[in-house]
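Using the sequences plus the hints, can you model the full thing?
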Amino acid sequence: MQHTLEQFFRALRAADVRVSPAEAIDASRAVAVTGFADRALFKDALCATLAKSADEVDRFDSVFETFFAREPVSIPPPSASPQGEPSQEDLAAAESSPLAQAVLTGDNATIQQTMEEAARRAGVAEIRLSTQRSRLTRRLLEEMGLEEIEKIIANARRFPEQQGLAERLDQARRDLFAEAQAYVGRQHDLYAAASAQALREERLARKQLNADGGVDPVDYQLMAALVKKMAKRLAAKYSRRRHVAHKGHLDVRKTLRRSLAYGGVPFDIQFKVKKVDKPSIVAICDVSKSVAAAAQFLLTFLYSLNEVVDRLEAFAFSGRLISVNDILDDHGVEQAIFKVLQEIGFQQTDYGRALQDFSEQHLDTLDRRTTVIILGDGRSNFADPRLDLMREIHDRSRAVIWLNPEPESYWGQGDSVMNRYARFCHVAKQCGTIEQLERIIDDVLRSYVPH
Amino acid sequence: MSISNPAAAANAADPLASVDALIEGLGGVGYIASRRIATALYMAVNLQKPILVEGSAGVGKTELALSTAALLGLPLIRMQCYEGLDESKALYEWKYGKQLLYTQILKDRMGEQLADAPTMDAAMDRLHGMGDLFFSEPFLEPRPLMKALREDDGCVLLIDEVDKSDEAFEAFLLEVLSAYQVSVPELGVLKAKTPPLVFLTSNNVRDLGDALKRRCLHLHIPLPEASLEEKIVASRVPGIEAKLTRELVGFVQSLRTMDLRKSPSISETVDWARALVLLHADSLSADLVRDTLNVILKFEQDITAIEPQVVELLHRR
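Chains as they are written, first to last, in our numbering: chain C, 47 to 497; chain L, 34 to 350.
What the hints contain is simulated information worked out from the structure, not anything from laboratory work. We put the CB at the ideal spot given by N, CA and C, even for glycine. Everything hinted at is true.
To list a few chain C residues with every Cβ distance to chain L over 10 Å, as calculated: (1) Asp-265; (2) Asp-375; (3) Asp-430.
The list that follows gives simulated cross-link-like pairs (lysine-lysine, DSSO-like), each with its CA atoms no further than 30 Å apart: (4) C:Lys-283 with L:Lys-122; (5) C:Lys-385 with C:Lys-335; (6) L:Lys-295 with C:Lys-275; (7) L:Lys-295 with C:Lys-324; (8) L:Lys-197 with L:Lys-331; (9) L:Lys-331 with C:Lys-278; (10) C:Lys-318 with L:Lys-197; (11) C:Lys-274 with L:Lys-295; (12) C:Lys-324 with L:Lys-197; (13) L:Lys-197 with C:Lys-275; (14) L:Lys-197 with C:Lys-300; (15) C:Lys-253 with C:Lys-274; (16) C:Lys-274 with C:Lys-475; (17) C:Lys-335 with C:Lys-253; (18) L:Lys-197 with C:Lys-274; (19) C:Lys-475 with C:Lys-253; (20) L:Lys-295 with L:Lys-331; (21) C:Lys-275 with C:Lys-253; (22) C:Lys-278 with C:Lys-385.
So the derived list for chain C, only partly shown, Cβ under 7 Å to chain L, looks like this: (23) Ala-68; (24) Val-79; (25) Leu-87; (26) Ala-91; (27) Ala-94; (28) Thr-95; (29) Lys-98; (30) Ala-282; (31) Phe-313.
Below, the structure is given as C-alpha cells:
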C-alpha cells in the first residue's frame with residue numbers, strides 16, 4: 047500500500063498540489079489510524095493532511111476519484127456472452143494462461159490485479175506525452191500475458207469443437223484491449239495532463255503579442271487565465287507585508303511617551319517602523335491595432351492586482367485620450383477593450399495629442415507616489431511628439447515606465463520617436479510577451495518595498 | 034474565557050472513539066458537523082496536530098472550537114489575532130509595574146544591604162545575587178499561548194483569524210505548533226505536559242505561509258447543503274416549525290446562487306430564523322421577506338438588487 051500511496055502523492059504533485067515529505071509522512075500516519083476499509087473516511091483523512099487550500103481540495107477530489115477509481119475493470123461475466131458459461135474442456139484448454147482463466151471465469155479482481163502489476167513492470171506511470179499512449183497500451187498488454195491468450199486462440203482455431211472457446215477469447219482480447227487503453231488514458235490524465243498544460247503555458251508566456259494577425263482566439267482564453275495566474279502570484283508575494291520594522295532606529299519620541307507610564311524609566315523601547323506604500327499606478331495605453339493585444343493583457347494584469355495596488359487609473363488613446371476606468375468597472379476587463387475601440391478606435395495614432403489631452407484633464411492624477419506605465423510603440427505618424435509634456439509627467443511622478451512591444455533596434459526608425467521619449471522615462475523596455483510583462487510589473491511592485 | 038461542560042463529557046461515552054461518535058457528540062453540544070469536519074477533527078486529535086480552519090465569515094469556524102471544548106470538557110483559551118500582535122501579547126510579559134513598585138519598596142532594604150559592601154565590585158556581586166528576583170515566576174504575566182501550554186490536563190487553544198497577524202508572528206507560531214513548547218530567555222524552555230488541541234482560523238485576508246500550512250491539518254468549511262443547513266437551523270433555533278425551516282433554508286440557498294457582494298452564510302440563516310420565530314411567522318410571505326431582508330443581506334446594493342425579485346425567488350422552488 048505504501049507504493050500506492052507514493053504513486054498517489056506523485057499524481058497530486060502532477061496536479062499542482064504541493065506534497066512535502068513531511069506531509070507525506072503525516073498522510074501515512076493518518077492512513078495508519080483510519081485504515082482502508084471506509085473509503086469516505088480514508089479520503090477525508092488524506093484530504094485533511096494533504097490539501098492545504100480550497101483550490102487544492104478541489105484538485106485533490108478530482109485526483110482521488112481518478113486514482114482510486116472504483117472497479118475500473120468491467121469485463122462482462124461469461125454468463126452474459128452468447129456462448130454461456132464456459133465448459134470444463136474450455137477451461138482445461140486455457141490452462142496455460144492464468145489471464146485466460148480469469149477472463150473465462152469473469153474474475154475481474156484478478157484481471158485488475160494482473161493489470162496493476164503489469165502496469166508497474168511496464169512503467170505506465172512514467173507517461174509524459176499523449177503520443178506515448180498507444181505504445182504503452184501495447185506494452186501493458188504484453189506484460190499482462192496477452193501473447194499466451196493469442197497462442198491459445200491460434201491453437202483452438204485448428205479444432206472445430208473449440209471454435210466456441212476461440213470466439214470467446216477473441217472477444218475477451220478486445221475487451222482487454224479497451225480496458226488497457228482506458229487504464230493508460232487514466233494514467234495519462236493523472237501524470238501527464240498537467241505537465242502538458244505547463245508546457246503550453248510556458249510557450250504562451252513567450253508568444254509575441256504584436257505578431258501578425260494578433261493573438262489566436264484559441265490561445266486567448268488560456269493567455270488571459272495565465273495572466274491572472276501570474277498576477278495572483280505577484281499579489282501573494284507583495285500582499286504579505288505592509289510594515290517593515292526597522293530595528294536599530296530608535297523612535298525617541300514614542301519611547302519617551304511610553305516611559306511616562308513607568309515613572310520616566312524607558313522600559314518599553316520603541317523602534318521606528320516604516321510603512322510600505324501601496325503602489326498607485328496610472329496606465330496609459332495605446333490601443334491602435336499593433337498594440338491592442340498587449341494593452342488588453344496589461345490591463346488584465348493590473349486589474350487582477352487590486353489587492354496590492356492602492357489606486358489604478360487607466361487611460362486609452364489612439365488619436366484622442368479617454369479615461370477607461372468607468373468602462374472597466376462596468377464591463378470588466380474582457381469586454382473593455384472592444385468598448386474602447388468602439389469609442390476611439392480607427393483614429394490615426396497621435397502621441398502628442400494624447401499627451402496634451404492627458405495633461406489638460408488628468409494631470410492631477412499624478413503625484414510623487416504614482417508610477418506611470420505607458421504602453422505604446424511610440425510611432426506618432428510624424429506629428430509633434432510634445433516632449434515638453436512628457437517631461438512634465440516625468441517630473442511630477444515617482445517613475446515613468448514605457449513598455450514598447452517593438453524590439454529596441456526598431457526604436458527611432460521611420461516615424462518612431464521612442465528613442466526621444468525614452469529620455470524622459472525611468473525605465474523603457476521592450477514588452478512583447480506576457481513573461482516580460484510579469485517581470486516588469488514585479489519590478490514596479492518591488493520598488494515600493496523599502497530595502 | 035473558559036467553558037467547561039463536564040455533563041456533556043460524562044454522558045457521551047467516548048466521543049473520540051470514531052468519526053461517527055464524534056459527529057454524534059458534536060451534535061449533542063449543538064454543532065451539526067459534516068463528515069469531512071468530523072474526520073479532520075478526529076485526525077487532529079489522533080495525530081496531535083493543529084488544525085487550520087478556513088472558510089468565509091459565518092460558516093462556524095470559531096463555533097467548531099467552542100463546541101469541541103464543550104464536548105471534551107476542556108477549558109478553552111482564545112487568542113484573537115490582529116495586525117501588530119507580538120510575543121509580549123501572545124506569549125508572556127513581565128509585570129513591569131509590579132517590578133517597578135517592588136524595586137521602589139525594597140529600595141531602602143537594598144540600600145542597607147549594599148551599604149556595608151567595602152568596594153564597588155562587592156556591591157555589584159551582591160546585586161547580581163538579587164537580580165533574578167525580579168525576573169521570576171511571580172512577575173511573569175502569562176498570555177494565551179503560555180497559559181495553554183501550562184494547562185496540565187490539556188485544553189483547546191483557539192487562535193482566531195491568524196491571517197490578520199503579521200508574518201513574523203506566523204513564524205513565531207511555528208515552534209509552538211510543531212513542538213508544543215516555547216523558549217523564554219529568562220526561564221528556559223517551557224514544554225506542554227499535555228499538548229493542547231489547537232484550532233487556527235483564517236478568513237483568507239492574505240495567504241498563509243507554506244511552513245505554517247504544512248504543520249497543520251487543513252479543513253475548509255464550505256457553505257452547507259440544504260439538508261445540513263436545515264439540521265443546523267433546527268438545532269440552533271429550538272421551537273421553529275419544520276415547514277418554515279425548509280422554506281427559509283431554500284430561500285437562502287437560492288440567494289447564494291446569485292451574484293451578491295456578501296452571500297449570506299450560516300450565521301445569517303440562523304439569525305434570520307430567530308428573527309422569524311420572534312415575529313411568530315409559520316411560513317414565508319413576500320412581505321415578511323422584504324421586511325426582514327436586512328437580517329440576511331448586509332449591503333445596501335444587495336438589498337436593492339434582491340427586493341424586486343423576492344416573489345420570483347419564493348416561487349422558484
